[in-house]
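Protein chains: 2
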Amino acid sequence: MSEFDDATRVSADGAGAIADGWDINGNANGGYLLALAASHLRAVSGRPDPFSVTGHYLAPGTPGAVQIEANVVKAGRRFSTVAGQMHRDGKPIVQVLGTFGDLAEANDEFTHTDGGPPEIPPMDQCVLRSPVQGVATVALNARLNVRLRPGDESFMRGERKGDAEMAGWFSFADGRPVDPLALLLVCDAFPPAVFHIDLPPGWVPTLEYTVHVRGVPAPGPVRCVFRTHFVQGGFFNEDGEVWDSQDRLVAQSRQLGLTPLG
Amino acid sequence: MSEFDDATRVSADGAGAIADGWDINGNANGGYLLALAASHLRAVSGRPDPFSVTGHYLAPGTPGAVQIEANVVKAGRRFSTVAGQMHRDGKPIVQVLGTFGDLAEANDEFTHTDGGPPEIPPMDQCVLRSPVQGVATVALNARLNVRLRPGDESFMRGERKGDAEMAGWFSFADGRPVDPLALLLVCDAFPPAVFHIDLPPGWVPTLEYTVHVRGVPAPGPVRCVFRTHFVQGGFFNEDGEVWDSQDRLVAQSRQLGLTPLG
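Residue numbers (our numbering), protein chains in the order written: chain Z, 1 to 262; chain G, 1 to 262.
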């Protein structure tokens, strides 16, 4: 078993736990929380793969036991839609809605690709994220091999590029393959792109986060790019793409984040 | 009262109806269905505005009575999150998850805009969509004033631009203002951008549709642009932006659609 499998294991009745070491300063990463919840929704769906999963974040997740509720809303011929919630003692942490199916049934009769993987140097020339990040402890980084495109780490030195884009490589530190469930983590595993514009590095709460899984990743690390186009009214979007070793898009994500209150 | 207000009125106990005339060949538009459901979720939330609403589509919506269930998952200081479902006699039509708040509390301490409204000619130089569209009857178009950027209507003649982008103006035919609730309709009211690439015009089912409302539109029509970057595996994304008369972004949308089965 891998660290990620251990940390997303949920019993058939929905009993699970937010594992230690997937946090930023003690609060579990939102992508990890969505993967944890979705692992149970997926089991309840009876389908192998998440297709589209949305989470609304209601409270920070700290390590310890949680309960995951999951109710099949519709089980169709190709898809099953499941509504659910992760809570602790009745206090909601994440509300989730997902549709699950089988990515092996992919139909490539029509294809169209406008764009491609981010242009980044080979993994060994990119900058490994460490668990100690100035005043922050990003424990999550010990589980992961997140390597930023050279220059994208400059926010750590207080240098901002001025455009809100963050790119790099992702793999698990223990070598676990990046599968469709893991993509729910991957799309939230990078430093926020807004660290390169207005916002001081720190905790950036997420209101909503959606991942569309667009394919099963081919073996090897994946390349990721995250962009924020609009910061206004106290909110910002962050749009992500994940590309596999065969230059195929495997996930798209979008989250609606909150800027710090003035 | 306006046509849109009439068509999205839901009683306090969740009894409502899919109104006549908001359909394409008899199936109600997905944006209209989300607005109808969200009007009840919003009422239950006790907050004035939708911030982020996601719908998973489970069955086509035909005119007639429906029931909308809505349960407050969390009522916080700034936001309320509500989970819900529109169904008919227990058969689910759309499963919905939304967070609601008050857009008047917008905090513009941090702003950053990368991009701007689509460059389109004045409304009277754009091409009005009519309810009769070749073999399709887009009854919805009689309620709306959707005017496409010249050239974007070429798919009607079987001419495809080759890039999947569709842009134009939106207002209500009866002059009702475009408010935050209406933005849930607006982001699904244009012909699919994929009609300019591979896919033959026709019914394009939506699996998932999310709208983030980013501001209260200033008076006047709004400008919209929809783009599809990736068609693969039987799915495509369509990303939308809506801009108001003050050149401010008021909504972002993304949907995951299904290509016809081969």
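No lab work stands behind these hints, which were simulated from the structure alone.
One or more of the hints may lead you astray.
As the list claims (entries may be wrong) - In silico negatives: residues of chain G with every beta carbon more than 12 Å from chain Z: (1) Ser2; (2) Ala12; (3) Gly14; (4) Ala15; (5) Asn107; (6) Pro121; (7) Val138; (8) Pro150; (9) Arg157; (10) Ser171; (11) Glu208; (12) Thr228.
What the hints assert, rightly or not - Cross-link-like lysine to aspartate or glutamate pairs, in silico, DMTMM-like; alpha carbons within 20 Å at most: (13) Z:Lys74 / G:Glu69; (14) G:Lys161 / Z:Asp114; (15) G:Lys74 / G:Asp49; (16) Z:Lys161 / G:Asp114; (17) Z:Lys74 / Z:Asp49.
Stated by the list, open to error - What follows is a set of in silico ranges between Cβ atoms, one per label pair, in the way DEER data are often shown: (18) Z:Gly90 / G:Ser2: 16 to 26 Å; (19) Z:Ala17 / G:Glu119: 49 to 59 Å; (20) Z:Pro48 / G:Met1: 40 to 50 Å; (21) G:Asp114 / Z:Ala136: 45 to 55 Å; (22) Z:Thr113 / G:Asn25: 28 to 38 Å; (23) Z:Asp89 / G:Asn107: 29 to 39 Å.
Every residue gets a Cβ at the ideal spot worked out from N, C-alpha and C, and that includes glycine.
Now for the hints, and whether the structure bears them out:
1. For G:Ser2, the condition that its CB be more than 12 Å from all CB atoms of chain Z holds, with the nearest at approximately 26 Å.
2. Its beta-carbon lying about 23 Å from the closest one in chain Z, G:Ala12 satisfies the requirement of being farther than 12 Å from that chain.
3. Residue placement check: G:Gly14 keeps its beta carbon more than 12 Å from all beta carbons of chain Z (closest about 16 Å).
4. Against the 12 Å criterion, G:Ala15 stays outside the reach of chain Z, whose nearest CB is about 20 Å from its own CB.
5. Non-interface status of G:Asn107 relative to chain Z is broken: a Cβ of that chain comes within 12 Å, the nearest being about 4 Å off.
6. With a minimum CB-CB distance of about 24 Å to chain Z, G:Pro121 clears the 12 Å threshold, and the non-interface call stands.
7. With 12 Å as the threshold on Cβ separation, the claim that G:Val138 sits away from chain Z holds: the shortest Cβ distance comes to roughly 22 Å.
8. Listed as outside the interface, G:Pro150 is consistent with that label: its C-beta sits roughly 22 Å from the nearest C-beta of chain Z, beyond the 12 Å cut-off.
9. No beta-carbon of chain Z comes within 12 Å of the beta-carbon of G:Arg157; the shortest separation is about 20 Å.
10. Once the 12 Å rule is applied to beta carbons, G:Ser171 is consistent with being away from chain Z; the minimum gap is 23 Å.
11. Not every C-beta of chain Z lies more than 12 Å from that of G:Glu208, the closest at about 4 Å, which undercuts listing it as non-interface.
12. Some Cβ of chain Z comes within 12 Å of the Cβ of G:Thr228; the nearest lies about 7 Å off, and the non-interface call is violated.
13. Of the pairs offered as hints, the one joining Z:Lys74 and G:Glu69 holds, with about 15 Å between alpha carbons and a cut-off of 20 Å not exceeded.
14. Taken as a hint, the G:Lys161 and Z:Asp114 pair is honoured in the structure, with Cα atoms around 14 Å apart against an allowance of 20 Å.
15. Annotation: proposed proximity of G:Lys74 to G:Asp49 holds, straight-line Cα distance about 16 Å (limit 20 Å).
16. Distance restraint check for Z:Lys161 and G:Asp114: the Cα-Cα separation of roughly 14 Å lies within the 20 Å cut-off, and the hinted pair is therefore satisfied.
17. For the given pair, Z:Lys74 sits about 16 Å from Z:Asp49 by alpha-carbon distance, which is consistent with the 20 Å threshold.
18. Between Z:Gly90 and G:Ser2 the beta carbon distance is about 41 Å. The supplied range of 16 to 26 Å is therefore violated.
19. For Z:Ala17 paired with G:Glu119, a C-beta distance near 52 Å keeps the hint of 49 to 59 Å intact.
20. Distance hint check: the CB atoms of Z:Pro48 and G:Met1 are about 48 Å apart, consistent with the given range 40 to 50 Å.
21. Checking the proposed 45 to 55 Å range against G:Asp114 and Z:Ala136 shows it is violated: the Cβ atoms sit about 26 Å from each other.
22. At about 30 Å, the CB distance of Z:Thr113 to G:Asn25 agrees with the hint of 28 to 38 Å.
23. Remark: the range hint 29 to 39 Å for Z:Asp89 to G:Asn107 is upheld by a beta-carbon distance near 32 Å.
In summary, the numbered hints that this structure violates are 5, 11, 12, 18, 21.
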